[in-house]
Amino acid sequence: MSIVALDQLWVYLSGHPLVSLLVTLVAFIAATRVNRMLGGSPLLHPVILSIVLLIGFLLLTGIDYPTYFEGAQFIHFLLGPATVALAIPLYDHLDRVRAMLVPILLACCAGIVTAVGSTIGIAALLGAAPETLLSLAPRSVTSPIAMGVAEQVGGIPSLAAGLVLLTGSVGCALGPWILRLMRIEDPSVQGFTMGLAAHGFGTAHSFASIGAMAGAFAGLAMALTGLLTAFLLPLMTALLGV
Amino acid sequence: MPLIVGMSVLLGCQFIGELLARGLAVPVPGPVLGMLVLLLALMVNGRVPSALRQTGEGLLRYLTLLFVPAGVGMMVHARLIATDWWVIGVTLVVSTAVTLAVTAKVMSWLNQRRLRHGSDP
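Residue numbers (my numbering), protein chains in the order written: chain G, 5 to 246; chain F, 46 to 166.
Please note that a few of the clues may not be correct.
[Unchecked claim] Computed, partial: chain F to chain G, Cβ under 7 Å:
#1 L55
#2 V73
#3 P76
#4 L105
#5 T136
#6 V139
#7 A149
#8 N156
[What the hints assert, rightly or not] Label pairs and their in silico Cβ distance ranges:
#9 G:L29 with F:A123: 18 to 28 Å
#10 G:M186 with F:G57: 40 to 50 Å
#11 G:A133 with F:V139: 13 to 23 Å
#12 G:L130 with F:G57: 42 to 52 Å
#13 F:M46 with G:S18: 28 to 38 Å
#14 F:F60 with G:M186: 33 to 43 Å
#15 G:G66 with F:G91: 47 to 57 Å
#16 F:A86 with G:R187: 37 to 47 Å
#17 F:R106 with G:V38: 16 to 26 Å
#18 G:R100 with F:A86: 15 to 25 Å
#19 G:L64 with F:W154: 50 to 60 Å
#20 G:L64 with F:Q157: 52 to 62 Å
#21 G:V38 with F:L64: 36 to 46 Å
Please keep in mind that the hints were generated in silico from the structure rather than gathered at the bench.
Keep in mind the model is a prediction, meaning the values are calculated, not measured.
We put the CB at the ideal spot given by N, CA and C, even for glycine.
Go ahead and model the full structure; you've got the sequences and the hints to work with.
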């Protein structure tokens, strides 16, 4: 086989959905291995590491994002049914949720107001550009909701999605440390806090390192925060005059 | 077969969720409404069918992988992130820390109050 043929082969393959699908899975496996080797440090979350690896790969090979997404969308699509599936752990812990309904609702409202208020406050104080500010505002909500809300208040949807992911990894890094500092030991409170502040990342983290009960509460917090933020955020941005 | 049955239930609920979101023009994504639909269905049914549990828990185990394709999309906004990177960084870290602390505090305080005042909320 000559070098020219190899070249043409690559041109053909790089546009094929198979490559981005395979590369995404391989990057995730590699990132998980590296993370485990480093003792599971939340600062190098497997998701963030995979994203960095993949961006590096795309820049090196010159494949653009829309081409990559053509293959990776098969993974992205599963976010929908996975979100629906959160109803299962929620149903398993329904009695606990019923008993704690009032604390859950009040804590959720307090958390959302704190998240949105402090984000807009700090970013405005530091002089962020208006599009950045409005894309930051819904950052503690799960990405599909954040994208919708950002668009509604005048931010950039795909930037909002990226900031949501960064928030998730920051939350996973800070969360366990803050919860230990505050001596919070109840897994339902731990999970709920992680799910509210760090959406799907916090939920995945709660399932993996605290337990099924924490995971269920994290899923609940994520859904409730998403629902309430979709209604509260447009009101809050109007009130704060951004 | 259980995988196919489970996936059909999940996708079916997502579909109903999408229909509700479009039909009622609410700014909430379809899958979130789909989750509420499935929760209601499970409450009516009284238990989780094993096929659904197998599929659902399998998906949830790999939840973090599913965020990767969207996250790679950040490369498209490299320039905007680069100009405001320190504002974004400081805001994310400080605001996330405050949110975590406030939520945990409010919830554990209310929860302890609830336990002290007996079982009724």
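Hint check:
| no. | hint | in the structure |
| --- | --- | --- |
| 1 | L55 | holds, 4 Å |
| 2 | V73 | holds, 5 Å |
| 3 | P76 | holds, 4 Å |
| 4 | L105 | holds, 6 Å |
| 5 | T136 | holds, 5 Å |
| 6 | V139 | holds, 6 Å |
| 7 | A149 | holds, 4 Å |
| 8 | N156 | holds, 5 Å |
| 9 | G:L29 with F:A123: 18 to 28 Å | holds, 24 Å |
| 10 | G:M186 with F:G57: 40 to 50 Å | holds, 41 Å |
| 11 | G:A133 with F:V139: 13 to 23 Å | holds, 19 Å |
| 12 | G:L130 with F:G57: 42 to 52 Å | holds, 46 Å |
| 13 | F:M46 with G:S18: 28 to 38 Å | holds, 37 Å |
| 14 | F:F60 with G:M186: 33 to 43 Å | holds, 42 Å |
| 15 | G:G66 with F:G91: 47 to 57 Å | holds, 55 Å |
| 16 | F:A86 with G:R187: 37 to 47 Å | holds, 39 Å |
| 17 | F:R106 with G:V38: 16 to 26 Å | holds, 20 Å |
| 18 | G:R100 with F:A86: 15 to 25 Å | holds, 20 Å |
| 19 | G:L64 with F:W154: 50 to 60 Å | holds, 51 Å |
| 20 | G:L64 with F:Q157: 52 to 62 Å | holds, 54 Å |
| 21 | G:V38 with F:L64: 36 to 46 Å | holds, 42 Å |
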